[in-house]
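> Sequence:
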Amino acid sequence: MTMRGMISFVPTSDLARSIAFYRDHLAARVRVTQPGAVILQISAAAYLGLVQHPAPVAAERRIIIAFVVDDVDAIHRRMTAAGVVVDGAPRISERYQIHHFFADDPDGHRIEIQRFLHAFD
Numbered sequence: 469m470t471m472r473g474m475i476s477f478v479p480t481s482d483l484a485r486s487i488a489f490y491r492d493h494l495a496a497r498v499r500v501t502q503p504g505a506v507i508l509q510i511s512a513a514a515y516l517g518l519v520q521h522p523a524p525v526a527a528e529r530r531i532i533i534a535f536v537v538d539d540v541d542a543i544h545r546r547m548t549a550a551g552v553v554v555d556g557a558p559r560i561s562e563r564y565q566i567h568h569f570f571a572d573d574p575d576g577h578r579i580e581i582q583r584f585l586h587a588f589d
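Our numbering puts the first residue of the sequence shown at 469, with every later residue one more than the last.
What the hints contain is simulated information worked out from the structure, not anything from laboratory work.
Treat the numbers as computed from the prediction; the structure is a model and nothing was measured.
There may be inaccurate statements among the hints.
To be verified - Pair ranges (Cβ atoms, derived):
1) A488 x P522: 34 to 42 Å
2) F584 x R485: 26 to 34 Å
3) D538 x D492: 14 to 22 Å
4) L585 x V519: 29 to 37 Å
5) A587 x S481: 34 to 42 Å
6) H521 x A557: 28 to 36 Å
7) P522 x Y564: 17 to 25 Å
8) Q520 x M474: 32 to 40 Å
Idealized CB from N, CA, C, for every residue including glycine.
Required output: the full structure, derived from the provided sequences and hints.
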């Protein structure tokens with residue numbers, strides 16, 4: 469079996485708003501459009517599926533979506549300039565050996581923007 473990639477699907481209460489959020493802040497591109505859903509391409513083999521959901525998702529059902537990037541600070545600046553609420557300045561986690569920060573997408577899904585401090589291929 470050959471694994472070609474992975475798609476994580478998350479619910480959204482406003483599909484257009486979520487598409488704009490991921491497009492504007494993480495340069496995601498719409499690759500597939502389906503009734504009530506889209507698949508966004510984040511990188512060569514990383515995809516995020518957004519599925520229209522009729523009601524807000526309960527907090528206990530939420531997840532963390534981590535995006536591994538080259539420049540954490542640049543994305544932090546872009547998000548804060550656009551009014552996205554973040555949990556503070558980017559910081560180093562000695563425990564996990566990452567440079568990172570957290571924010572919430574328009575549906576309250578926790579996203580983490582991170583860069584590994586060690587080799588990761």
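> None of the hints should be skipped; say for each whether it holds.
Verification of the supplied hints:
1. A488 x P522: 34 to 42 Å: 20 Å Cβ-Cβ, so the 34 to 42 Å window is violated.
2. F584 x R485: 26 to 34 Å: 30 Å, holds
3. D538 x D492: 14 to 22 Å: 18 Å, holds
4. L585 x V519: 29 to 37 Å: 34 Å, holds
5. A587 x S481: 34 to 42 Å: 39 Å, holds
6. H521 x A557: 28 to 36 Å: 32 Å, holds
7. P522 x Y564: 17 to 25 Å: Between P522 and Y564, where Cβ atoms are some 36 Å apart, the hint is violated.
8. Q520 x M474: 32 to 40 Å: With a Cβ separation near 21 Å, Q520 and M474 fall outside 32 to 40 Å, so the hint is violated.
Checked against the numbered hints given earlier, this structure breaks hints 1, 7 and 8; the rest are met.
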